[in-house]
Amino acid sequence: MDFATIIGFVFGLVLMFGAILMGGQLGMFVDIPSILIVFGGTIASLFIRHRMSEVFGAFSILMKAFFVKSHDIHKIIKQIVEMSQIARKDGILALEKVKSDDEFLQKAINHCVDGADPAFLEKILAKELSCQKDRHRNGVGIFEGIAEAAPAFGLLGTLIGLAQMLGHMEDPSAIGPGLATALVSTFYGILIANLVAIPVSYKLVAYSEEEQMVRQVIIDGMISIQKGVNPRMLMQSLIAVLPPTARKID
Amino acid sequence: MDFATIIGFVFGLVLMFGAILMGGQLGMFVDIPSILIVFGGTIASLFIRHRMSEVFGAFSILMKAFFVKSHDIHKIIKQIVEMSQIARKDGILALEKVKSDDEFLQKAINHCVDGADPAFLEKILAKELSCQKDRHRNGVGIFEGIAEAAPAFGLLGTLIGLAQMLGHMEDPSAIGPGLATALVSTFYGILIANLVAIPVSYKLVAYSEEEQMVRQVIIDGMISIQKGVNPRMLMQSLIAVLPPTARKID
Amino acid sequence: MDFATIIGFVFGLVLMFGAILMGGQLGMFVDIPSILIVFGGTIASLFIRHRMSEVFGAFSILMKAFFVKSHDIHKIIKQIVEMSQIARKDGILALEKVKSDDEFLQKAINHCVDGADPAFLEKILAKELSCQKDRHRNGVGIFEGIAEAAPAFGLLGTLIGLAQMLGHMEDPSAIGPGLATALVSTFYGILIANLVAIPVSYKLVAYSEEEQMVRQVIIDGMISIQKGVNPRMLMQSLIAVLPPTARKID
Amino acid sequence: MDFATIIGFVFGLVLMFGAILMGGQLGMFVDIPSILIVFGGTIASLFIRHRMSEVFGAFSILMKAFFVKSHDIHKIIKQIVEMSQIARKDGILALEKVKSDDEFLQKAINHCVDGADPAFLEKILAKELSCQKDRHRNGVGIFEGIAEAAPAFGLLGTLIGLAQMLGHMEDPSAIGPGLATALVSTFYGILIANLVAIPVSYKLVAYSEEEQMVRQVIIDGMISIQKGVNPRMLMQSLIAVLPPTARKID
Amino acid sequence: MDFATIIGFVFGLVLMFGAILMGGQLGMFVDIPSILIVFGGTIASLFIRHRMSEVFGAFSILMKAFFVKSHDIHKIIKQIVEMSQIARKDGILALEKVKSDDEFLQKAINHCVDGADPAFLEKILAKELSCQKDRHRNGVGIFEGIAEAAPAFGLLGTLIGLAQMLGHMEDPSAIGPGLATALVSTFYGILIANLVAIPVSYKLVAYSEEEQMVRQVIIDGMISIQKGVNPRMLMQSLIAVLPPTARKID
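Just so you know, the protein sequences line up as chains A, B, C, D and E, in that order.
Heads up, the final residue of the first sequence is numbered 244 in my numbering, and it's a clean run with no missing numbers.
Heads up, the final residue of the second sequence is numbered 244 in my numbering, and it's a clean run with no missing numbers.
Heads up, the final residue of the third sequence is numbered 244 in my numbering, and it's a clean run with no missing numbers.
Heads up, the final residue of the fourth sequence is numbered 244 in my numbering, and it's a clean run with no missing numbers.
Heads up, the final residue of the fifth sequence is numbered 244 in my numbering, and it's a clean run with no missing numbers.
Only chain A is shown next, with the shape it has when bound in the complex (with noise of 0.2 Å):
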């Protein structure tokens, strides 16, 4: 769970209306046009620009930015360097019985068991790490299609919405109000992309990196283990991507 994603969406929601309630109701930015417009043009144009799969599986691609499971990466670098040590000891297919929650880590002792070469397990890994890679580009693609996209819907409705107060403009007191409702379409858009799509999507990005991260360390263990590097060096190897202040492995 990252409580970090929590308190900014609530702590922002929480400014916005508190900043709108100190200067007036609320009522004055609710405006169903506005909406109709922002929210289904965004959305129309996520269906041309993506698969209709993506789409619909956006939702949960959020939700990851609220509840993702972090990795527990000094627990896997422990485990690949006890394996290290089973692996000189008794060979390589005494990792049948290492179990890991890993599910990365587990198939790749699984090709291992199985009988995998070094440049066979390196290949196959790394192709699903790059396929992988591929993969949350697509689902972070979809923030970045709506933080391109709200803004310009905002000023589309703001547009729609001039040019129909200007087109009678036989009252001038209603040039006021009829302006603030078109501001209403470009404030949504500006709140949705700076809101939640940019920011979003900047988290799933650090999410996908760190994944990688650490399968990338499970790819360099697993193939020394392989290779039967001495454990200690193995160790000394995968702890340097941890930060300095951090490579304590109890």
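A few of these clues could be false.
No distinction is drawn between identical chains; accordingly, a pair holds when it is met within one copy or between any pair of copies.
[Stated by the list, open to error] Below, computed lysine to aspartate or glutamate pairings styled on EDC-like, alpha-carbon distance capped at 16 Å:
(1) 127 with 203
(2) 127 with 204
(3) 117 with 214
(4) 121 with 214
(5) 63 with 95
(6) 101 with 116
(7) 221 with 84
(8) 58 with 204
(9) 91 with 76
(10) 69 with 95
(11) 63 with 205
(12) 69 with 204
(13) 63 with 204
None of these hints come from the bench; they were simulated from the model.
Following the hints, complete the assembly by docking chains B, C, D and E onto the known chain A.
Chains B, C, D and E only, in chain A's frame:
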């Protein structure tokens, strides 16, 4: 057939018409000089920017975003694995009888049967793939050109309208409608870019990447067949490009 | 001769004049100070940005977008395959009698006949290709510079006009025409960028890429000839760069 | 201590206050709702965009731009050359007695003395360098996030202010002050981005690149020592990274 | 001396003054608070963004765009080819007597005479070239910083001016001049960016690329001399970097 593109397009247009009709008549948003400037100017700039054959091919490329035929990668992987079994039993030449719906796979089979060695096969298929990628990029480039040109010509239309309105401002009451008309060009430009050109260019890129991924699988598979890779390992290696939940090849 | 560029340019100008004349007189869009600021300022910034020889060469580069001589790649591939047959029958030196219209192919033939080994041939031709690419990039850079500078100087012209108009606003009725005149600079800047500079820079890039593709075919072909590659396989390898529908070499 | 950062910051603030006081009172530029929206909204988006630990670490990263400890590359090169003389005379193990202030150099010495071979040494130090680079990039990313978010929330604040002012425009004389207040948010957003976030992110990148350059020198030097490179040639090779005028190593 | 830069600069300033004087007095465009905000703010942000030595070095870098000494590549190629003839006849050590005006060529000759082997020579010269490239990039970075900061501080100045004018709008007739003054900051910012900072940064990049090209020719040439490449082939290989019309080396 890509229903997502169709849904997005229809939904987007309905929304725009709906939002316009909720606040006034449609007539206000139909302005012949604006249409000339935005649509005509965008097309004119496309002729300068691209080759004539590419501009005339743009419509058929647009249709791809609606009616693309998706690749059945499971079927292709299955066929490659079956071919690897045939080749191991009866030799490469026995692949002569294999027929594939996939044009690229059929071409790769033909090269194998013709006796191309793995290095030549990889070189020629990789070159074809990279040249196809360049051609796809050119096709996408037209929609990126529209996305760039349409808002610019929309702004030009608004500037022309503004200057003409401001030029003879004898009657202050005419300012409103004149300004409304001037804004319609910008509306057109931003709508074309954000509801059509930008999302279509992303969809085309996604289809191009999918096709390249499938073709890369074919290249890897055929070269492995020539090298006599074990069918079980070939299968494992090819399905690594699929998401973990879609790795069942019946 | 590139009819698309000519059509786009003529069509774009006709549209702009048409749209202006439909709503007023042309005279309103001719303003000497605006012309000085936008055209003069853009040219001044080009002199700072580029070398003098490049600025003076910009016009002849612009002409390339109108009157380029396209490469006949089918003819070049045919000639390379014929040369490979001659070289296999009578040796590399027999190519001495072959003459080509293509300057780069002729140079490659000369190097071969002079006894260059494949490594030296590849190195010298690749270096020439990459240096030509850099020179083309510099040429395109001038139009990218215009595309960047023209709207900026258009905005500067509008700011000058606005400040002057607002500075002595004794007569409110003069605001309209003053504002109209101020907007003309921005109109010039955006028109130059979007109807000329941006599309021309893309067309020049496309021609440069086409030329590089043809030259890469020549490099690959000549090196294969030196290595004594089978003419049928050479043909297959060279036509892989063409789209599938254009692979008939008579 | 980086006096340039301090001077820039103080000078920038003095200028802004000065320019404001020259034309009015400061009070006009202090507006609580604007502060809430711009500062609060930017912080909220940072929480969504980054991990909590990164957001709370932002202040200590900011301090780096003020109080960074510069690396003395001359001293490090001198020490490496001295070590190469020791290693040639008495063997690698004689480096055990060498102590360095530089943490990374000390770690490299320890690895050497521990008997790491050149390939392992290079791999582990290069991995550490590239992971440090990624961590620095994340730190810079926070300031890039502020640079992107602050102007956007500034615009949102202005839109809210404008809509509220236009919504009840009974008294035309209130338009001016209302508009002035609305503009203050945009002022905050652009000031934060351009006086703090953007320049700080560049300064941090420059320090990160300097540190990486120093560490690359250490890696090259220690590997050369292990390979027994001649001290005079090692010196020549290491000082090649310095500008020609700063190559005196006393 | 780069006459193009001087012409562009003088021509640009004359144009701006001319356009301003055609429509009013110059005095309207001189505003002390605007100068403080735009020039001062840009300089303040430069101090935060760069190191102090780089900021103080910016003026001497700017002078390079005016008074650069161009490299005579024909002379350098000729000298390298002559040296290759000397080296083939009398050995590498005979180059000791060769003197070159070009600092980098002289250094390469010294290394050769000192007995550096080709691999060491290439490594050390390539490292020097790449570090020089980084230093040039830092120098260009200052002008890119000005190009980014000046318009932003221009906008800040305009926002301050607008807010102050709108804050006490007792006299409607003062709106015009107040607005005019506010716009002057934006005018400064855009003028500095587009007439100075952006074009100068491109010119500096072009000079840096030219210098790197010349130095790459020197590296290739000296290594070929060490390897004993035939002078005629060396000549052919070196002139391949020149445009076809400039390949006459007398």
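Each hint tested on the structure:
no.: 1; hint: 127 with 203; verdict: both (8 Å within a copy, 14 Å between copies)
no.: 2; hint: 127 with 204; verdict: both (11 Å within a copy, 14 Å between copies)
no.: 3; hint: 117 with 214; verdict: both (12 Å within a copy, 12 Å between copies)
no.: 4; hint: 121 with 214; verdict: both (14 Å within a copy, 12 Å between copies)
no.: 5; hint: 63 with 95; verdict: within (12 Å within a copy, 40 Å between copies)
no.: 6; hint: 101 with 116; verdict: within (12 Å within a copy, 29 Å between copies)
no.: 7; hint: 221 with 84; verdict: within (14 Å within a copy, 33 Å between copies)
no.: 8; hint: 58 with 204; verdict: within (14 Å within a copy, 25 Å between copies)
no.: 9; hint: 91 with 76; verdict: within (13 Å within a copy, 33 Å between copies)
no.: 10; hint: 69 with 95; verdict: within (10 Å within a copy, 32 Å between copies)
no.: 11; hint: 63 with 205; verdict: within (10 Å within a copy, 33 Å between copies)
no.: 12; hint: 69 with 204; verdict: within (15 Å within a copy, 34 Å between copies)
no.: 13; hint: 63 with 204; verdict: within (11 Å within a copy, 29 Å between copies)
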